[in-house]
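Enquirer: Listed below, chain by chain, are the residues.
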Amino acid sequence: MHRIVYREWRLEPSKYWGLIAILGAIVAAGGAAALYMEHHGHYVTGMTNSVVWGTPHVFAVFLVVAASGALNVATVGSVFGRFAYKPMARLSGLLAAALMVGGLLIVVLDLGRPDRLVVSMTTYNFSSVFAWNILFYTGFIAIVIGYLWTMAERKGNPYTKPVGVFAMVWRLSLTTLTGSIFGFLVARQAYDTAILAPMFIAMSLAYGFAIYMLVMMFAFEGDRRPIGPEAMKRMKNLLGLFVAVVLYFTLIYHLTKLYGAKNDAVEHFILIGGGIYTLMFWFGWILIGCLVPMGIIFHPVLSQSRDWIAAAAGLVIVGGLAAMYVIIIGSQAYPIEMFPGKTVLEFGTAGDIGGAVAAYTPSIPEIILGVGGLGVAMLITAVGIRVLQFLPESLADHIVDPHMKPEPVAEPELV
Amino acid sequence: MNENTNATEQRVPDGLADAGRRSFLGSAAGIGAAAVAPGVVLHTVANAAPRTTPVDDSHRWGMLVDTAKCAEGCSACVDACEVENGLDLQDMPEDADPIKWENQRATWIRKVKLQDNQSGRVTNLPLMCQHCEHPPCVDVCPTGASFKRADGIVMVDRHICIGCRYCMMACPYKARSFIHEVVERKLTRAPRGKGCVESCNLCAHRLDDGEISTACADACAAEGHQAIIFGDLKDPNGPLRKALGETSNRQIRQDLGLNTGVRYANL
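Protein chains in written order, with this note's numbering: chain A, 15 to 429; chain B, 3 to 269.
Treat the hints as calculated values from the structure; they're not laboratory data. Please note that the accuracy of each hint is not assured.
Stated by the list, open to error - Examples of chain B residues lying across from chain A (beta carbon under 7 Å, computed):
#1 162
#2 164
#3 247
Model, not experiment: these values are computed from the prediction. C-beta atoms are modelled at their ideal positions from N, C-alpha and C, and glycine is treated no differently.
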């Protein structure tokens, strides 16, 4: 096996600063949106006392879950000893930490009292999953930074595997807890099921890896670093597997709910009569997020094209956001069933919703805040790979795999 | 005090400036005493009031709502709660959507009208925080702002609520409200601020002053309906336990095993 050489990202300055300017503008817009919402109060958003978590949470939970999954490449390399993934591990760690920072920022900026952040870090109620999550999310960033150090510093190399194992256990716990934020809610019909925890783990693997693939392909394309066809094939197959697992858990989640008569109404809402949520489920979560990407990934011709593979990864991300929208907002829009066997004729004043589907329309600031969080993650990554040695010079097959022969294509470092 | 007065009197001939200074000091002392004295008196009065006794678990406050007595079209309990807890002081922001606002403003109690799917029987009832023995909102609150007092009242500590709304996700009764707007007018007994969550606290301020009643129960009684009986679930001879013993009653979402403090008859 060749020695892996890492180099800073050498994108042309004009392109690089253009990218930074775009990402900076997205982040600034996100900050302005948060300021606007905090200044006026949440009445300017689509959120109400029925739909209490809105679009910011869709992005936040997606990013947090994806952060855990983005670390997957590092885990496969250092814990399971798959040498082909080792050169890709540093970017995996950076992206994981960056996505987590982006997700956490959204959560914090959407709080009613973000100025009380210090309270949330000093006053804990350990019967709350959320309190545990605060520790696991912030701990995740610290552990990943330590993990990166063991990879990058020669003195730290012997610790890569133990730290990697620890990071893996930590992030699986983290995603379990994230799924449990919803799974433990006994009051709401769409939640109250333990399967949300493993389903979130499956989602984290798929969404995090899809983001990882897109970022890596974009970065390598940017300064013309090679990615070998075998490496590409390995990655797209792994993504296909993760997506299939998401599909499996989605199936089991709905079968579990469908089996009991008490959940017929909520299942009818999500699967058939829920309007935008039904559309988001079938076209977003299932078709765009799972079936089409799998079709591309396992298609004999399309799967040979990197553009199509990138498109598949992009669709997984879009489908993931749709899935989060259904899970987070659809489940709240569906009325809490307080009076089984009875129809709610009136519930407070006309607009005070109970026993009926709650309206929710995402407001512009909510969307901008969510996209801003994604922008933060990408900005951190773009700066990180530019100033530090996160990217390997080459992912050509013979570089990462000692059993492979050099390809006929000229490699920059061999020329 | 006397010595000072004498000294001032003796020094008057020494000079007007000095006299002025002394006079000023004397006035300042007087004003200071006048300012502090009522505080001292109030402090003494407060110490004598029931508020000094820590809340203990010798009581568990609760309610029985007899839905058969809850009149259709009557909103006396809701109106009384609005006034008692300053909810009527909430102003809809000028640019807010009026219908959406009704689902954004704080509401502690609401009238609910139900129809049985099989029999068509219509039931009216007031719905508020059910003051669970095992409140999901308290379990999920990351900071412990959502808490249950020793006397069973579930409420929010507005000092450490960070506005995450997880309690609202967890509550099976939609009892909680988030303050979506800047609040200008509020009552001392119900301080309300943008970004925090709140809900019915069984008029805790009344109980803490030794008054065993809630605004909603009083208003219902004043209307002659007597649909809400408030009292101590732990007092075997109290009106609440008596009423509970006489009428078959149930909890809303009894399946969740939360052991609510609010019970319903004829539901």
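Enquirer: Confirm or reject each hint.
Expert: Quick rundown of the hints versus the structure:
no. : hint : in the structure
1   : 162  : holds (5 Å)
2   : 164  : holds (5 Å)
3   : 247  : violated (25 Å)
Violated hints amount to a single one, hint 3; each of the other numbered hints is respected by the structure.
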